[in-house]
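Chains as they are written, first to last, in this note's numbering: chain A, 1 to 313; chain B, 314 to 787.
Treat the hints with care, as some may be off.
Calculated lysine to any residue pairs in the SDA-like style (CA-CA distance at most 20 Å, straight line) [to be verified]:
hint	chain 1	residue 1	chain 2	residue 2
1	B	Lys580	A	Gly258
2	A	Lys88	B	Lys580
3	B	Lys580	B	Ala616
4	A	Lys88	B	Asn541
5	A	Lys88	B	Ala332
6	B	Lys503	B	Ala332
Cβ-Cβ distance ranges computed for the label pairs, FRET-style [as the list claims (entries may be wrong)]:
hint	chain 1	residue 1	chain 2	residue 2	range
7	A	Thr135	B	Phe499	33 to 41 Å
8	B	Leu597	A	His288	47 to 55 Å
9	B	Lys580	A	Ala254	15 to 23 Å
10	A	Ala293	B	Arg378	43 to 51 Å
11	B	Met604	A	Gln303	23 to 31 Å
12	B	Lys503	A	Ala312	47 to 55 Å
Rough simulated footprint, nothing fancy, chain A against chain B, three-plus residues with beta-carbon under 8 Å [stated by the list, open to error]:
hint	stretch
13	357-366
14	548-558
15	568-580
It is worth saying that the hints were derived from the structure and are not from the lab. Computed from a predicted structure; not experimentally measured. For glycine and all other residues, C-beta sits at the position ideal for the given N, C-alpha and C.
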Amino acid sequence: MLGKTAGGLYWMFRYLERAENTARLIEAGFRIALTRSTDAEAEWKSVVTTSATQAGYDAKYDSYESAHIIDYLLRDAENANSVLSVIKMARDNARLVRTALTTEVWSAVNETWMLFTEVLKSPVPEVDLPQVLSTIRQQSALVRGALLGTMLRNDTFHFCRIGTHIERADNTARIIDVKYFSLLPTTSRVGGRLDNVQWETLLRSVSAHRSFRWAVEEDFTAAGVASFLILDRRMPRSLSFCAQEIIGSLNNLAEDYGAKMPCHDLADAMGARLLNRDISSIFDEGLHEFLNALVLDAASLGQQIEQDYRFAN
Amino acid sequence: MTTDQTHFSEMQTPDGVRAPYSQYDGWFSDQDKARLSKKAREAEAFFRRTGITFNVYGDNDGEERLIPFDLVPRILSNKEWAKLSKGIDQRVCAINAFLHDIYNRQEILRAGIVPTELIAQNEAFLPEMMDFSPPGDVYTHIVGTDVVRTGEDDFFVLEDNARTPSGVSYMLENRETMLQMFPELFSKIKVQSVGNYPKHLRRSLEACAPKSASERPCVAILTPGIHNSAYFEHSFLADQMGVELVEGHDLRVVDGHIAMRTTRGYKVIDVLYRRVDDDFLDPLTFNPNSMLGVPGIMDVYRAGNITITNAPGTGVADDKAIYSYMPDIVEFYTGERAILKNVETHRCSEPQTLKYVLDNLADLVVKEVHGSGGYGMLVGPAASKRELSDFAAKLKSNPANYIAQPTLSLSTVPIFTKKGLAPRHVDLRPFALVSPSGVDITPGGLTRVALKEGSLVVNSSQGGGTKDTWVLED
Numbered sequence: 001m002l003g004k005t006a007g008g009l010y011w012m013f014r015y016l017e018r019a020e021n022t023a024r025l026i027e028a029g030f031r032i033a034l035t036r037s038t039d040a041e042a043e044w045k046s047v048v049t050t051s052a053t054q055a056g057y058d059a060k061y062d063s064y065e066s067a068h069i070i071d072y073l074l075r076d077a078e079n080a081n082s083v084l085s086v087i088k089m090a091r092d093n094a095r096l097v098r099t100a101l102t103t104e105v106w107s108a109v110n111e112t113w114m115l116f117t118e119v120l121k122s123p124v125p126e127v128d129l130p131q132v133l134s135t136i137r138q139q140s141a142l143v144r145g146a147l148l149g150t151m152l153r154n155d156t157f158h159f160c161r162i163g164t165h166i167e168r169a170d171n172t173a174r175i176i177d178v179k180y181f182s183l184l185p186t187t188s189r190v191g192g193r194l195d196n197v198q199w200e201t202l203l204r205s206v207s208a209h210r211s212f213r214w215a216v217e218e219d220f221t222a223a224g225v226a227s228f229l230i231l232d233r234r235m236p237r238s239l240s241f242c243a244q245e246i247i248g249s250l251n252n253l254a255e256d257y258g259a260k261m262p263c264h265d266l267a268d269a270m271g272a273r274l275l276n277r278d279i280s281s282i283f284d285e286g287l288h289e290f291l292n293a294l295v296l297d298a299a300s301l302g303q304q305i306e307q308d309y310r311f312a313n
Numbered sequence: 314m315t316t317d318q319t320h321f322s323e324m325q326t327p328d329g330v331r332a333p334y335s336q337y338d339g340w341f342s343d344q345d346k347a348r349l350s351k352k353a354r355e356a357e358a359f360f361r362r363t364g365i366t367f368n369v370y371g372d373n374d375g376e377e378r379l380i381p382f383d384l385v386p387r388i389l390s391n392k393e394w395a396k397l398s399k400g401i402d403q404r405v406c407a408i409n410a411f412l413h414d415i416y417n418r419q420e421i422l423r424a425g426i427v428p429t430e431l432i433a434q435n436e437a438f439l440p441e442m443m444d445f446s447p448p449g450d451v452y453t454h455i456v457g458t459d460v461v462r463t464g465e466d467d468f469f470v471l472e473d474n475a476r477t478p479s480g481v482s483y484m485l486e487n488r489e490t491m492l493q494m495f496p497e498l499f500s501k502i503k504v505q506s507v508g509n510y511p512k513h514l515r516r517s518l519e520a521c522a523p524k525s526a527s528e529r530p531c532v533a534i535l536t537p538g539i540h541n542s543a544y545f546e547h548s549f550l551a552d553q554m555g556v557e558l559v560e561g562h563d564l565r566v567v568d569g570h571i572a573m574r575t576t577r578g579y580k581v582i583d584v585l586y587r588r589v590d591d592d593f594l595d596p597l598t599f600n601p602n603s604m605l606g607v608p609g610i611m612d613v614y615r616a617g618n619i620t621i622t623n624a625p626g627t628g629v630a631d632d633k634a635i636y637s638y639m640p641d642i643v644e645f646y647t648g649e650r651a652i653l654k655n656v657e658t659h660r661c662s663e664p665q666t667l668k669y670v671l672d673n674l675a676d677l678v679v680k681e682v683h684g685s686g687g688y689g690m691l692v693g694p695a696a697s698k699r700e701l702s703d704f705a706a707k708l709k710s711n712p713a714n715y716i717a718q719p720t721l722s723l724s725t726v727p728i729f730t731k732k733g734l735a736p737r738h739v740d741l742r743p744f745a746l747v748s749p750s751g752v753d754i755t756p757g758g759l760t761r762v763a764l765k766e767g768s769l770v771v772n773s774s775q776g777g778g779t780k781d782t783w784v785l786e787d
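Chain A with its partners taken away, still in its complex shape:
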């Protein structure tokens, strides 16, 4: 496979994952803004921070108004991370690697792009927002389904999956980090039952508010929520799950190619940060420091993979 093709697949799936994650973030922010109007501004601000678009947003707008934020995150062409921008980039990458994709995967991505070019042509009115956001998630599921259902399990597939999980790990780590203060167990709260709206946003941002209730028997506690999002390998957006998937895909590549590369060591090191840990040792280390280190791990792992598999000259 061409190095460029591997890079195109990897980035295509990073962008698709990013589009989906941004949609979830907006959804969570929108919900809070509706239910708790007093916290709305702070909520929206944290959505902007999490989506790594704060500098661009602040340069354009003076306040954190929902209409502005929604527009900036969904369809602003100046925002390289807006849903519309990343879907276009995903589709450009798909065109670049079209020969490596099955017709089903290509059509799904192309259709997604066509759909959102149309849907996001003009600002989305608030009444239509839930429908638009859910369409983003549906289209993302369509592409993923086509990938899982039709692609050979060879290097092509592995590079797609690596892109997905590196992006997801980065995203989940950012989401937790922005809200980490609400998770910090303070003396007065440890073990206490909390009705903390922040936690609910957090879980909603990764579509985990229901699965948390099913998977974790206890009520919301700081340790419970943090542990679920960081260490629970059953949860497909947790950091542990992502690390395990990345390591698995890289091992498959090593097996196919008959060679381990430096990126394999980096992935193992990232995994080691998460495996056999309990949440209290992470709190001891400092949650913010831990998450920061993980975001950096994911970034340097991505760069090492690009280099090892010759994505570019």
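Got chain A; can you put chain B on it based on the hints?
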């Protein structure tokens, strides 16, 4: 449907439906027209979803357009095709012999059949190709000859596209679409298949590999990238042949070969089917600003370590000034009269001729010698007074840049419209593959159709559409 007496209609004559169309006509008259309209819309949605689009230069950036597809096929009998393909075969062989001669002994110049200055002053002539024979002596591995028809037995070659002809993906996708829309038609009417083209293309390219290649030569397609107007075709062909689609920055010279950067290291390419123009092929030899090519590829080529298809410098055989000499060229190299006719061509470089062209501008079609895509041409009968006088000025300032031809009465084939069938002008581009083992012409080709009533310009960049082209098994 009304019949138009001034143009040859391939389906309908005053005496009734022509034989090749009789079965189709029978089927068509039984069809519910509303159902056909629905099918036409479905086809368009299918093309969009599949991304069978092209980009138009100078349009809003990144806009991708569909080439309109018309669901009425263009049908040729086996007998018509036999003559046509024989004529193309002859012409393609002559072009290859001509190119080999021009870049080696130049006998045709010494014999005084083609004027030397036409070669020496030709922008497409590459001195770098002199005294060099590409593997198998093949220059034009892929040719798309543009043919027009004016009567029952009158086929003319309009252009010999010997550089990087495009459109073959539409030939294949149009057939695919027809098969999906109207499977019952194909069980009723025996149509020769075009589906083997990618397999034949790969085999033909492999047969042209340099001696240094292994038994299973590595073939790749070189594309300028996703923003090129024909990118869809490049990726389509790579996919159909099962070969890599590369860009210049994927390639470099490694130990005297061209190699592509793969996830496992550099891999040598034996045959490069390039869809990049000569000028951009090698910044060390040609345009130094080119980002699309591979620095050093011409040295590798001349050392015999890679086959470039089509060979650099083939444009010298297909420009419109050389075109006027094609009947002589065919005769010189094959010893036979040309089977396919040439359109009478006036070379404006000759003062007498220039005067004639200026005097008769309103009746002629004037084209740039190196132009393509229907840009920069004048269709006299369709032009306004203002356009005629503007063009006359351009012509006078640089006569050698133009040739003129009579306005041909192109044949028509009906298209499906809201009001039923309506005749429109068509041309035909069959695709020929050349390798040391011979010439292989896929039965059919790309039929382009001018969708506007009365229009003679079929180019997709100028609002033309396409049709599936059938050659009957008979």
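Hint check, failures only: Numbers 2 and 5 - these are the hints that the structure violates, sorted from lowest upward.
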